[in-house]
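So the sequences go chain by chain: A and B.
If you read the first sequence in my numbering, its first letter stands for residue 1, the second for the next number, and so on.
If you read the second sequence in my numbering, its first letter stands for residue 270, the second for the next number, and so on.
These are computed hints drawn from the structure, not numbers from a lab.
Think of the CB as a built atom: it goes at the ideal place given N, C-alpha and C, for glycine as much as any other residue.
Check the hints yourself; a few may be wrong.
Unchecked claim - Quick list of the computed label-pair ranges, beta carbon to beta carbon: (1) T553(B) - H39(A): 12 to 22 Å; (2) H44(A) - A535(B): 16 to 26 Å; (3) L527(B) - T58(A): 21 to 31 Å; (4) G93(A) - T553(B): 35 to 45 Å; (5) W28(A) - I481(B): 28 to 38 Å; (6) A337(B) - H39(A): 21 to 31 Å; (7) F623(B) - P131(A): 37 to 47 Å; (8) A412(B) - A2(A): 25 to 35 Å; (9) L5(A) - Q575(B): 23 to 33 Å; (10) L184(A) - E641(B): 18 to 28 Å; (11) D112(A) - E445(B): 40 to 50 Å.
Okay, here's what each chain looks like letter by letter:
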Amino acid sequence: MARILSILVGLFFTVALAWSLGLGFYTWATEPAQPTAEHEFHEHPKHVSFASDGPFGTFDKQQLQRGFQVYQQVCAACHALKHVAFRDLEKIGYNEPEVKAIAAQFQIPKYDEMTGMVETVEGTPTDYFPPVMYAGQGSPPDLSLITKARHDGGPYVYSLLTGYQDQPAELLEHFPDAKTPDGLYYNPYFPNLNLAMPAPLMEDMVTYSDGTPATVDQMAKDVSAFLIWTAEPTMDKRKQTGWPILGFLLFATILGYMSYRNIWANKKH
Amino acid sequence: MSFPWAKQYTPSHPFMKWMDERLPVPRLVYNAVGGGYEVPRNLNYFWNFGFLAGLCLVLQIVTGIVMAMHYAANTEVAFDTIEHTVRDVNWGWLMRYAHANGASAFFVVIYVHIFRGFYFGSYKAPREMVWLLGVVIFLLMMATAFMGYVLPWGQMSFWGAKVITGLFSAIPLVGEPLQQWLLGGFAPDNAALNRFFSLHYLLPFVIVGVVILHIWALHIPGSSNPTGVEVKSESDTVPFYPYYVAKDGWAIGVFAILYCAMVFFAPNYLGHPDNYIPANPMSTPAHIVPEWYFWPFYAILRAFTQDFFFIPAKLMGVLAMFGAILVWFFLPWLDKSPIRSSSYRPLYKKFFWFGLIPTMAVLFYCGGAAAEEPYVMISQIAALYYFAHFLIILPIVSAIEKPKPLPFSITEAVLGKDEDAKLEPSA
Chain A
1 MARILSILVG LFFTVALAWS LGLGFYTWAT EPAQPTAEHE FHEHPKHVSF ASDGPFGTFD
61 KQQLQRGFQV YQQVCAACHA LKHVAFRDLE KIGYNEPEVK AIAAQFQIPK YDEMTGMVET
121 VEGTPTDYFP PVMYAGQGSP PDLSLITKAR HDGGPYVYSL LTGYQDQPAE LLEHFPDAKT
181 PDGLYYNPYF PNLNLAMPAP LMEDMVTYSD GTPATVDQMA KDVSAFLIWT AEPTMDKRKQ
241 TGWPILGFLL FATILGYMSY RNIWANKKH
Chain B
270 MSFPWAKQYT PSHPFMKWMD ERLPVPRLVY NAVGGGYEVP RNLNYFWNFG FLAGLCLVLQ
330 IVTGIVMAMH YAANTEVAFD TIEHTVRDVN WGWLMRYAHA NGASAFFVVI YVHIFRGFYF
390 GSYKAPREMV WLLGVVIFLL MMATAFMGYV LPWGQMSFWG AKVITGLFSA IPLVGEPLQQ
450 WLLGGFAPDN AALNRFFSLH YLLPFVIVGV VILHIWALHI PGSSNPTGVE VKSESDTVPF
510 YPYYVAKDGW AIGVFAILYC AMVFFAPNYL GHPDNYIPAN PMSTPAHIVP EWYFWPFYAI
570 LRAFTQDFFF IPAKLMGVLA MFGAILVWFF LPWLDKSPIR SSSYRPLYKK FFWFGLIPTM
630 AVLFYCGGAA AEEPYVMISQ IAALYYFAHF LIILPIVSAI EKPKPLPFSI TEAVLGKDED
690 AKLEPSA
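If we strip away everything but chain B, and leave its shape as in the complex, we get (with noise of 0.2 Å):
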């Protein structure tokens, strides 16, 4: 669907002309990311990261695929492998710190991108679909990036795989024979690093058909806009091609500078040193952490230290660090509140700039740091505040707040109320 006034797609070769009529992929592109999707006229910097986590996707899988091609999921030369892809493969050291650096690139995007969702409401109806279906993205990017992880086959690497799989253990009843079940064995092996490879390269495809989906349902009532004002006119919109191509594309060279930087002058820095010691299951390391982007869950899963009532500390754990993600899910019926952005909402702006992203980054320290206090305790405050944030403050502050006057439109909040305001068209 498309606004009325959006333009509509004409083939002017004659090739373009029966290419139409038989298979209409040009229109469809045109539609989407062309002349003919109208895109608010007053996104700013923050809508660049949606497409920027599309590009990092594709980067994603492009340096994967060649890194498959050298590689073996054998636990006796998996890590034999990757040294011999980065000394000997033709830019094969280039390849693999792309594709190690893209990962932890796409988290980056891809937490601006959720964290602008939480600030400006995109969640609200009508795009409460194009929430969910990012949240069910984000979640197939924590699992093939913790099983990308696994398959260099370091410390990190097998010891990170026993812990997180020792997740499911605290299951009750079911718990441990599902963890034997999802490793192929007792302990990560053989049979746990094929299967992981299989589904590091099956779940990057799966996530291309989300993001399909995930773009289609915001095609159905078009991107939202920094003043959460629906579109009503044209004089709101511009056409994404060449408006928004123009603006993503200057924001690609930025991200890619800051990218490339990272890649060639301090590629290691976001890796742990012990994924460079081959996995010893004799030898456990000082201090197991995942990946910098787990860490904010990691620290929730660790902050719950005690039984509570019948339900022991480690299941705790695990259903919180799973809820502290799930949560999102119920964000559209939590939220009441009519207003999206929060640029009109004084006291949950508040929750959000003095509560929600202080957490973040102290879960985000907490969960790197090694697991003794203070740090536990700070992260149980952390987390304490993360649940009652979008379980309590939440439900409560959008039902007793009064927001700020909205603009009449989209148009008037960025011409002002002028006359020139009132001259543009409406529809």
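This is chain A alone, in the form it adopts within the complex (with noise of 0.2 Å):
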């Protein structure tokens, strides 16, 4: 009786199952998905490099500071960091009163209790970066996780501010709907291929304080090192921490290995 009934159960769900995939292959096989211009162009991040990759990376902090100063000269217009504070940048190498000459450069939104004002004062390095007022369409996204918050992150920054381009004429010929509408800039590393935000580097744009030349793909580059860090500041010492633990684990593990067999010697098993 119950394996009647079992294989009644099983019968109804396997035959909906077998409705369901019957109708999903006719419509598969009679009207084939349409290919779209973003599944045929749009392109994984290039290969790319930083010394924080690996199970040994590290921050180049060289890297960091001049990709804070191309965060600072010219993404910090539209785009905040509000996770980062500017005492955290002490971590990548500046000093005290470098940090405190960085907070002042920021005006932090104060709320005042006795007057109900919101007044601006200028930043101290308890303060994390402020709110940026974008006054454009659209709402650029906060950058101190991004490289988190992207599949591939560091090398997903870097390929999208060098990967401007004008649309291929190939897509505008299959895809003429597709042509990226004005306002919008082309981009093949951009999931849907147009965003808002036009190519934002451009040769020579910051003055690297270290004489580095300052090319586009330098720039992105370092940028994107310095959004690796914002993204997980403590990367570095996660790193450091797990190779002695694992060590540990290692030795322990086969102590622990050999106590067993010798506790097994005699009896068979």
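Dock the two chains into a complex; use the hints.
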């Protein structure tokens, strides 16, 4: 009885699935999915390496400072960095007076409890990067976590910054409807190919204090490295902590295995 | 209960003797995981995963309590409090990654534990209660993990909560009010986040309670073993301490190495990048996927794309998704074969290795893939086999199968039918 009941329930689900499968297959065979411009022309991030890559990766502080310079002089016009405090900049090699000076360049909105007014005051090291009032259309994302919030984050940001180009003729030929609308810019590394941000970097836009030539490629790489850091300032500590722990565990596991062999030595199993 | 030859607890220190007469906790521990618990000598490494699952539960509770100290269940700040924990709390990043990857480790371990049960027939008499309680634990784990994933209030948290609670709206008549009652609103918001946090803190302790029952029920008949032959004599067993403490001990080492490799070198590998974007009810992610451990069941949910007579496709999917786990409750009565271990069940063994395991792998893959062809068709075929396996194939196979001859005893299985085996004492 239980067996018949179970087979009936089984048939209920399997027949329902076969029904879905049959109709799905019919639709798939008769109306094959149309290719889309996004599907055909979207590209995966370029291969680019950072000092922070891999299990031994650390941060290249010189590069992070250059990246911060790019952020401050270019990106900060539209993009906030709300999870990063000015004091955090000490971790990329700025000393205390330098951090104070950097913080003072930013105006921080402060709510005055006595008057109920919001006033802006000069930033101090304990403040976080302030919100950015963006005047245009749309809302530029906060960049604190951007490299964690995208697949293959660092290379993605680098590819996006260096990936602006004219729309390929082939795309326009096959997908005339996918022409980049006015006010958007074509970039094959962006999921839907068109984004509202114009190419932000131009040759020598920033004068690096360490004398590195400020090519678009260099600036893109530096600011990507900086944004890898902002997404996880503790990453180097994490990787450095991991090795001794793995070493200890390996040692403990070998000892554990030996005592296991010892205890079971006379017990066939 | 225990085997007659199991050693009795004898307190040596006067204090332990005093304690034993009043509150015999040391005796309880001794009989549960000490020298007083006799275990089959032939357990293979799949039997280590129960102990590892217990370890994962403790790990999750400890790291979770620390995380809760720095977390605020408020949609305005929940995301920021997690970031604050990771960035500014001493070793906060370690707690966060240990907890997030701990959930994944827990599910890896529990899936091995469950499938060990499928293969070696651990659910069969007299261990049905052990199995039923185990399925209850698995359901509680899924609920806990789901609600925990909502707490960071990222994009996947929000949209995952929306999709999963939306499943209840498929229930006829009461569905919509039920969904609103569960969420405390029309969509996931502060009310939902607060109750999810409350339940996420409560359920692990409920799991601890059911785990105690699970182990209690296990200790009545004692552990099963790879031959499926019950313990017959003293030579079949070894005391848990020191034998299995040593074996579990070094297995914990291997587990810890793999787990720490994830925590320290790839802590975000199993997560979804979208959950580092704060929740935004106005912007739907391109692909909403749950965490990897739900993928097989998510694939089953999405496999039902057509209404079936008067039953809407969505309701079919929901019934099937829950049914896919609820069917495990009936396993002891669906599989009527008196033989436990698949090693002696040639036909069922084939269906296990060439049917169930590839099916789970395919469902797993399709559940994580985008809901487009050919993945939907592939998951439909796999889901079809899944239900056929448990509800049609298993009852029939267990009726028609000719099992291989079983060894007389565990000792014989280990030592062979030589003279030594016969000389071992029997009870």
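Each hint, compared with the structure:
| no. | hint | result |
| --- | --- | --- |
| 1 | T553(B) - H39(A): 12 to 22 Å | holds (19 Å) |
| 2 | H44(A) - A535(B): 16 to 26 Å | holds (19 Å) |
| 3 | L527(B) - T58(A): 21 to 31 Å | holds (24 Å) |
| 4 | G93(A) - T553(B): 35 to 45 Å | holds (41 Å) |
| 5 | W28(A) - I481(B): 28 to 38 Å | violated (50 Å) |
| 6 | A337(B) - H39(A): 21 to 31 Å | violated (43 Å) |
| 7 | F623(B) - P131(A): 37 to 47 Å | violated (58 Å) |
| 8 | A412(B) - A2(A): 25 to 35 Å | holds (29 Å) |
| 9 | L5(A) - Q575(B): 23 to 33 Å | holds (25 Å) |
| 10 | L184(A) - E641(B): 18 to 28 Å | holds (26 Å) |
| 11 | D112(A) - E445(B): 40 to 50 Å | holds (47 Å) |
Hint compliance for this structure: hints 5, 6 and 7 are not met, and every other hint is.
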